[in-house]
Amino acid sequence: MGASTSPSSVNGPVAEAERITKRYGETVALDGAHITIMPGETHALVGRNGAGKSTLVSILTGLQDPDEGEIRFAGRPAPRLSERNAWRERVACVYQKSTIIPELTVAENLYLNRHDHNGLRLVSWKSMWRKAADLLEAWSVDVDVRLPAKELGVEQRQFVEIARALSFGARFIILDEPTAQLDGAAISRLFDRMRAMREQGVTFLFISHHLQEIYEICDTVTVFRDARHILTAPVMDLPQGDLVAAMTGEAAGLRERKARPSVPPDAEVILDARGLTDGDVYAGVDLRVRAGEIVGLAGLGGSGKTELAETIAGLRAPREGTVEVAGRRPRAGSVPDSLAAGVGLVPRDRHHQGLIPLMSIADNTTMTVPERLGAAGLVSGRRRDDLAREMITNLAIKTPGPELPVNGLSGGNQQKVVMARALASDPRLLVLITPTAGVDVRSKEFLLGKVEEIAGKGTGVVIASDELDDLRLCDRVLVMFHGRVTTELAAGWHDHEMVAAMEGVDLDA
Amino acid sequence: MPETTAAPAETGRPARKGPGRSPGGLRLARLRDFALVPAIIAIAIVGQIVHPIFLQADNLINILQTMSEISLLVLAQALVLIVGKMDLSLESTFGLAPGVAAWLTVAVGTGSGLGLLSGFWAIPITLAVGVLVGVVNALFIVRFGLNGFIVTLGMLIVLRGLLTGISGGQTFFNLPESMTYLGSAMWLGVPASIWICLLLFAAGVLVMGFTGFGRSLYAIGGNVDAAKAAGIRTDRVLWITLIAASVLAAIGGLLLTGRLASVAAAQGDGAIFTVFAAAVIGGVSLNGGKGTVFGAFTGILLLYMIQNVLTLAGVPAQWIEALNGAIILTALALSRLTGGKTQE
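Top line first, the protein sequences correspond to chains D and L.
Sequential numbering of the first sequence, starting at 1, is according to the numbering used here.
Sequential numbering of the second sequence, starting at 510, is according to the numbering used here.
If you're looking for bench data, these hints aren't it; they were derived computationally from the structure.
Even glycine gets a Cβ: it sits at the ideal position worked out from N, Cα and C.
Accuracy of the hints is not assured; some may be wrong.
What the hints assert, rightly or not - Beta-carbon label-pair distances, calculated as ranges:
id, chain 1, residue 1, chain 2, residue 2, range
1, L, Gly670, D, Asn394, 55 to 61 angstroms
2, L, Asp734, D, Ser410, 41 to 47 angstroms
3, D, Met359, L, Gly834, 33 to 39 angstroms
4, D, Asn113, L, Trp696, 36 to 42 angstroms
5, L, Ala775, D, Asn113, 39 to 45 angstroms
6, D, Ser410, L, Asn796, 25 to 31 angstroms
7, L, Ala712, D, Arg228, 37 to 43 angstroms
8, D, Gly275, L, Asn656, 49 to 55 angstroms
9, D, Asn85, L, Leu623, 49 to 55 angstroms
10, L, Ile550, D, Met359, 16 to 22 angstroms
11, L, Val617, D, Asn113, 51 to 57 angstroms
Said to hold, decoys possible - Result set (DSS-like, lysine-lysine): computed pairs, CA atoms no more than 27 angstroms apart in a straight line:
id, chain 1, residue 1, chain 2, residue 2
12, D, Lys398, D, Lys457
13, L, Lys737, D, Lys150
14, D, Lys97, D, Lys457
15, D, Lys398, D, Lys450
16, D, Lys126, D, Lys150
17, L, Lys737, D, Lys97
18, D, Lys97, D, Lys150
19, D, Lys126, L, Lys737
Please construct the entire structure, taking both the sequences and the accompanying hints into account.
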């Protein structure tokens with residue numbers, strides 16, 4: 001690797017993009033946008049879905065050429081697109097979609113297409129394993145390089161991807177929503193590592209939907225909106241309200257949440273779960289939710305909150321214990337039974353369980369209610385579209401019509417489709433698992449507002465999440481740690497209380 | 510990390526040499542390659558009990574020779590599956606390639622031979638037909654981005670039809686000696702086709718396990734975007750793989766032609782099902798990126814050993830077909846149980 005040519009000992013910007021314009025047919029993805037990244041800083045790039053962040057990343061990493069404008073690295077013009085190695089020495093990106101190949105070992109993923117060869121021009125596995133182990137150790141990533149990459153967790157995969165990026169000689173790294181799939185503890189480990197790397201001279205461009213993360217880790221923030229550059233400022237000088245305003249184009253801070261009317265103690269019990277146990281995943285959980293009540297299940301990844309919520313929704317069966325919904329007891333682990341009993345579910349990952357990407361919005365939203373689409377199992381297209389239109393209006397989904405395939409929607413709108421699907425059956429109990437993951441600020445506000453509205457109409461709601469904003473609207477939050485409910489917090493908790501409880505730390509001790 | 514901002518960035522080679530984490534012998538993952546070995550040993554024992562002739566050299570050589578031709582199709586299919594594609598047309602190439610060679614070289618008067626070329630050209634023609642079929646497949650699949658399953662299904666039908674057309678549905682006889690040599694010669698007391706088959710598999714193991722090219726097949730089959738991002742020229746690798754697979758099929762066809770001293774219009778017809786079954790039983794995933802050449806070899810070996818045992822046990826030939834299907838299903842169920850994961 002021609003490392004000696006790589007630019008790093010320069011005082012000017014590490015990377016600059018000037019007057020970048022990029023069009024895809026009718027759509028303008030970037031309109032004269034610019035960004036300047038100084039060496040050693042951690043620079044945040046924020047914007048709502050569709051603001052042009054992904055396009056900028058793909059131009060900055062040499063995946064496509066801009067229609068107009070110029071990219072410079074350390075003051076010199078960017079290499080041509082075909083010179084992959086030259087690009088890799090200047091900039092590396094850890095994309096949202098993992099570029100790790102699961103069946104290959106960690107070492108091979110690190111040195112893919114640049115294997116070490118022995119005297120016979122054959123791949124020398126031994127020297128590759130040694131090199132890979134040295135590399136990971138140099139950046140203190142503790143992973144066995146001979147493990148197949150599929151056995152790594154999301155967090156370790158990211159570290160491996162970062163280490164690979166560094167191994168090309170690049171000291172400017174773009175992290176595209178690295179925290180989206182991580183739990184709180186993993187995020188703070190990622191941040192620790194980023195700080196350590198910053199000490200070693202690595203510059204980051206950090207993309208995230210989570211504003212508090214930007215305040216925690218970044219020095220400078222650049223806001224894009226509607227394909228344009230809006231502002232660049234030091235993070236410390238920019239109050240959160242102004243940042244949100246810059247992103248949304250409105251002078252509205254994070255909405256102050258109105259206190260919700262308390263749930264009468266004699267309200268009907270919608271969910272009555274007793275003694276739910278599934279080995280080590282979760283154990284001895286009792287949970288009652290009344291009509292109109294919003295109950296949070298908080299916890300980190302591996303705390304069992306997701307599995308518990310899936311059990312309540314009928315997606316998995318518990319070893320022991322019972323779930324009763326509105327007086328009925330659906331067969332354990334049966335989704336159709338749970339649906340019939342009145343459970344609506346927003347599953348954990350919309351890409352895996354929430355949506356069928358090539359099918360239309362209408363098909364996706366009405367999937368849970370085939371009986372309402374026509375008699376005798378036949379589907380009336382008109383009735384389906386009417387129903388879908390109703391939901392599109394109800395959830396303010398931005399689309400030309402119900403026939404659009406959902407993969408044409410932005411992340412926030414896709415999540416609204418998932419929500420619409422859960423609501424289509426008019427559930428008595430709504431179970432939401434990380435309902436605002438990978439969703440922009442405005443859609444998030446909207447979705448959470450919708451949840452409150454639904455609870456106000458007498459539906460019981462369970463939200464499983466480690467996102468503080470999701471949990472804030474709950475009447476009470478059960479915090480899980482290693483499969484057990486350890487703490488119960490009533491509405492009005494402080495952030496540090498919640499985080500400490502999720503981390504299993506006792507503040508009073 | 511004693512690396513400073515001022516120093517030119519290194520290639521990531523750490524300044525401080527750390528001890529490589531010792532992996533502690535063979536990883537369990539590697540043992541997957543040998544998953545069928547216990548089954549093969551078990552069948553050998555059963556075979557020996559069924560009929561004492563089973564483990565004698567003659568019978569073992571017989572098994573290897575019968576499977577040598579089709580095993581090259583398995584090798585070819587394994588490569589194509591690992592890179593994440595499918596090639597159904599292999600079974601037709603298996604017949605067409607030697608068929609065309611016979612058509613052009615067999616003297617006028619016997620069957621539909623044209624007698625245009627001398628026997629010397631038979632093998633070059635066979636290989637050239639293999640290359641040509643591979644090029645057409647790659648053109649449709651890689652260049653035009655069409656679905657490999659459908660493209661090669663079309664090719665399967667077209668190529669079979671071509672063979673029927675040139676042969677008039679008849680069998681080619683009186684082949685030139687160059688065509689029959691490889692399939693019938695003995696080298697060191699063992700049929701040449703066994704040597705060729707083993708050599709090609711050994712080459713396959715080497716290429717797939719120990720060359721950058723072979724590893725790029727796994728990368729492409731595992732995650733094509735990641736492979737591209739790593740700078741692998743994915744299209745070129747796909748072209749080479751598809752062509753190599755067709756050439757392997759042509760060689761397999763040539764071996765069978767030599768053994769039978771003829772090319773039937775139906776040569777290879779229906780073989781693709783056994784080929785897929787052997788590859789999957791041997792641990793090659795239909796979704797790409799997973800499996801080994803050695804595993805594929807154990808897959809086809811197991812199927813042919815079981816067939817041999819059934820024959821020795823005196824199972825009537827009419828029933829072998831049904832039993833074959835049942836064996837494939839049983840083997841799949843067993844590999845699911847022992848592998849513990851849903852078949853992909």
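Structure-based check of each hint:
{"no.": "1", "hint": "L/Gly670 - D/Asn394: 55 to 61 angstroms", "in the structure": "holds, 57 angstroms"}
{"no.": "2", "hint": "L/Asp734 - D/Ser410: 41 to 47 angstroms", "in the structure": "violated, 21 angstroms"}
{"no.": "3", "hint": "D/Met359 - L/Gly834: 33 to 39 angstroms", "in the structure": "holds, 36 angstroms"}
{"no.": "4", "hint": "D/Asn113 - L/Trp696: 36 to 42 angstroms", "in the structure": "holds, 38 angstroms"}
{"no.": "5", "hint": "L/Ala775 - D/Asn113: 39 to 45 angstroms", "in the structure": "holds, 43 angstroms"}
{"no.": "6", "hint": "D/Ser410 - L/Asn796: 25 to 31 angstroms", "in the structure": "holds, 29 angstroms"}
{"no.": "7", "hint": "L/Ala712 - D/Arg228: 37 to 43 angstroms", "in the structure": "violated, 57 angstroms"}
{"no.": "8", "hint": "D/Gly275 - L/Asn656: 49 to 55 angstroms", "in the structure": "holds, 51 angstroms"}
{"no.": "9", "hint": "D/Asn85 - L/Leu623: 49 to 55 angstroms", "in the structure": "holds, 53 angstroms"}
{"no.": "10", "hint": "L/Ile550 - D/Met359: 16 to 22 angstroms", "in the structure": "violated, 49 angstroms"}
{"no.": "11", "hint": "L/Val617 - D/Asn113: 51 to 57 angstroms", "in the structure": "holds, 53 angstroms"}
{"no.": "12", "hint": "D/Lys398 - D/Lys457", "in the structure": "holds, 25 angstroms"}
{"no.": "13", "hint": "L/Lys737 - D/Lys150", "in the structure": "holds, 19 angstroms"}
{"no.": "14", "hint": "D/Lys97 - D/Lys457", "in the structure": "violated, 38 angstroms"}
{"no.": "15", "hint": "D/Lys398 - D/Lys450", "in the structure": "holds, 16 angstroms"}
{"no.": "16", "hint": "D/Lys126 - D/Lys150", "in the structure": "holds, 21 angstroms"}
{"no.": "17", "hint": "L/Lys737 - D/Lys97", "in the structure": "holds, 14 angstroms"}
{"no.": "18", "hint": "D/Lys97 - D/Lys150", "in the structure": "holds, 14 angstroms"}
{"no.": "19", "hint": "D/Lys126 - L/Lys737", "in the structure": "holds, 25 angstroms"}
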